[in-house]
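Modelling step: build the complete structure from the supplied sequences, incorporating the hints.
Reminder that position 92 of the sequence shown reads as 92 in the numbering used here, one-by-one numbering, no gaps.
Check the hints yourself; a few may be wrong.
Listed next, the in silico EDC-like pairs over lysine to aspartate or glutamate satisfying Cα-Cα at most 16 angstroms (straight line) [claimed, not checked]: (1) K163 x E153; (2) K184 x D104; (3) K186 x E98; (4) K186 x E167; (5) K163 x E140; (6) K210 x E98; (7) K184 x D138; (8) K210 x E153; (9) K184 x D207; (10) K111 x E127; (11) K212 x E142; (12) K111 x D178; (13) K117 x D207; (14) K117 x D178; (15) K111 x E92; (16) K186 x D103; (17) K150 x E92; (18) K184 x E166; (19) K184 x E172; (20) K210 x D120; (21) K163 x D177; (22) K210 x D114; (23) K163 x E142; (24) K212 x D120; (25) K184 x D103; (26) K163 x D138; (27) K117 x E127; (28) K150 x E140; (29) K210 x E142; (30) K150 x D138; (31) K186 x D207; (32) K111 x D177; (33) K186 x E166.
These are computed hints drawn from the structure, not numbers from a lab.
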Amino acid sequence: MKFWRRFRVVILALVACGLAIALTNCGGDSQNATDPTASPSAAAPIGALVYGSGGQPVSLESGNITDGNSIILHEQIYNRLLDFVPGTTDIEPSLATEWTVSDDGLTWTFKLRDDVKFHDGTDFNAEAVVFNVNRWWDPEFEFGYRDAGKLYEIWSDLFGGYKGSEESLLQEVTAVDDTTVSFKLKQPFAAFPAAIASGYFGIASPDAIKAKGADYGTLSGRYRTIYCHRVAIGRSHHSGKESRLLERGLTQIGSGGGSVCR
Numbered sequence: 001m002k003f004w005r006r007f008r009v010v011i012l013a014l015v016a017c018g019l020a021i022a023l024t025n026c027g028g029d030s031q032n033a034t035d036p037t038a039s040p041s042a043a044a045p046i047g048a049l050v051y052g053s054g055g056q057p058v059s060l061e062s063g064n065i066t067d068g069n070s071i072i073l074h075e076q077i078y079n080r081l082l083d084f085v086p087g088t089t090d091i092e093p094s095l096a097t098e099w100t101v102s103d104d105g106l107t108w109t110f111k112l113r114d115d116v117k118f119h120d121g122t123d124f125n126a127e128a129v130v131f132n133v134n135r136w137w138d139p140e141f142e143f144g145y146r147d148a149g150k151l152y153e154i155w156s157d158l159f160g161g162y163k164g165s166e167e168s169l170l171q172e173v174t175a176v177d178d179t180t181v182s183f184k185l186k187q188p189f190a191a192f193p194a195a196i197a198s199g200y201f202g203i204a205s206p207d208a209i210k211a212k213g214a215d216y217g218t219l220s221g222r223y224r225t226i227y228c229h230r231v232a233i234g235r236s237h238h239s240g241k242e243s244r245l246l247e248r249g250l251t252q253i254g255s256g257g258g259s260v261c262r
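Here is the structure:
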């Protein structure tokens, strides 16, 4: 059973990575498609980017998603401690600049960037990481809002269970100092960095979560209908290039309920 649980972790992490790779490749290389013999001309006006989605995201709340559409959106909204190198399954720094594991394989230590702020202006630090992890892992954590129906199932799927359960791989998460966070595990788990890098576990502002309460990240009512008006994407996670997406409407197409934001 333990082997299967660990194997499933790797599969789920690779699925999240695969979605990111698919995003990188699905658009093709428009630059290479130009005619090298064409005469120079004035730059064409920038038009609308049309993206056909298989469905709407279920939630904007990190750690509380399991569907691919939400992961695609989360990749553009949140930063994680680690990321996958675009187009590969290799791990690269993100909010964490480096990471090490103890000789016995039980303690993973992450050094964090000290120059990051959340969009609400508050500081990113080790306490913010611990806050987010406790939301996903600890059923008794005040700001997990379990009584509102939040489950964070993906955490249990990837890490064996929740705090206090016999199956929980994670035993303790600690803010060593402002820029250092450590995770103590029940047993060695070499795929821990890949699991943390998966698209499920973006780090959100603790203050923003406290301010919104159980409504944080929900897509309901008018937000479910017009969410594509409200999503703004900055630097491309996959190419590193600066980009802006202005979505101006939502059109339902076909009988399958697919949607196009433009």
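Okay, the hints, checked on the actual structure:
1. For the suggested pair K163 and E153, the alpha carbons sit about 13 angstroms apart, so the restraint of at most 16 angstroms is met.
2. Annotation: proposed proximity of K184 to D104 holds, straight-line Cα distance about 11 angstroms (limit 16 angstroms).
3. Under the criterion of a C-alpha separation no larger than 16 angstroms, the hint pairing K186 with E98 is inconsistent with the structure, at around 22 angstroms.
4. For the hint linking K186 to E167, the alpha-carbon distance of about 9 angstroms falls within 16 angstroms, and the restraint holds.
5. Between K163 and E140 the CA atoms are separated by roughly 9 angstroms; this keeps the pair inside 16 angstroms, and the hint holds.
6. Taking the CA atoms of K210 and E98, the gap is near 29 angstroms; set against the 16 angstroms cutoff, the hint is violated.
7. A threshold of 16 angstroms between alpha carbons decides the hint, and for K184 with D138 the separation of about 15 angstroms falls inside it, so the pair holds.
8. Straight-line distance between C-alpha atoms of K210 and E153 comes to about 21 angstroms, which puts the hinted pair past the 16 angstroms bound.
9. Taking the CA atoms of K184 and D207, the gap is near 26 angstroms; set against the 16 angstroms cutoff, the hint is violated.
10. In summary, the hint linking K111 to E127 is supported, as the alpha carbons are separated by about 13 angstroms, within the 16 angstroms threshold.
11. A C-alpha spacing of about 13 angstroms is found between K212 and E142, which places the hinted pair at or below 16 angstroms, so the restraint holds.
12. Restraint check for K111 and D178: the C-alpha separation of about 9 angstroms stays at or below 16 angstroms, so the hint holds.
13. Proposed proximity of K117 and D207 is supported: the alpha carbons are some 12 angstroms apart, at most 16 angstroms.
14. A hinted pair counts as satisfied when its Cα atoms are at most 16 angstroms apart, and K117 with D178 qualifies at roughly 13 angstroms.
15. Taking the CA atoms of K111 and E92, the gap is near 13 angstroms; set against the 16 angstroms cutoff, the hint holds.
16. Under the criterion of a C-alpha separation no larger than 16 angstroms, the hint pairing K186 with D103 is consistent with the structure, at around 14 angstroms.
17. Between K150 and E92, the direct Cα distance comes to roughly 30 angstroms. Violation of the 16 angstroms bound is thereby established for this hinted pair.
18. Distance hint between K184 and E166 is fulfilled; the C-alpha atoms sit about 15 angstroms from each other, no more than 16 angstroms.
19. Taking the CA atoms of K184 and E172, the gap is near 5 angstroms; set against the 16 angstroms cutoff, the hint holds.
20. The suggested pairing of K210 with D120 holds, with an alpha-carbon distance near 12 angstroms, which does not exceed 16 angstroms.
21. The suggested pairing of K163 with D177 is violated, with an alpha-carbon distance near 22 angstroms, which exceeds 16 angstroms.
22. Under the criterion of a C-alpha separation no larger than 16 angstroms, the hint pairing K210 with D114 is inconsistent with the structure, at around 23 angstroms.
23. At most 16 angstroms may separate the alpha-carbon atoms for a hinted pair to count; K163 and E142 meet this at roughly 14 angstroms.
24. Proximity of K212 to D120 is assessed by CA-CA distance (about 13 angstroms); at most 16 angstroms being required, the pair is judged to hold.
25. Restraint check for K184 and D103: the C-alpha separation of about 13 angstroms stays at or below 16 angstroms, so the hint holds.
26. With a C-alpha separation of about 5 angstroms, the suggested pair K163 and D138 falls inside the 16 angstroms cut-off, and the hint holds.
27. Restraint check: the Cα-Cα separation between K117 and E127 comes to about 13 angstroms, which is no more than 16 angstroms; the hinted pair holds.
28. Between K150 and E140 the alpha-carbon distance is near 12 angstroms, which keeps this suggested pair within the 16 angstroms criterion.
29. Annotation: proposed proximity of K210 to E142 holds, straight-line Cα distance about 10 angstroms (limit 16 angstroms).
30. This hinted pair checks out: K150 and D138 have alpha carbons roughly 12 angstroms apart, not beyond 16 angstroms.
31. For the proposed pair K186 and D207, the alpha carbon gap of about 31 angstroms is over 16 angstroms, so the pair is violated.
32. For the suggested pair K111 and D177, the alpha carbons sit about 10 angstroms apart, so the restraint of at most 16 angstroms is met.
33. For the hint linking K186 to E166, the alpha-carbon distance of about 10 angstroms falls within 16 angstroms, and the restraint holds.
Checked against the numbered hints given earlier, this structure breaks hints 3, 6, 8, 9, 17, 21, 22 and 31; the rest are met.
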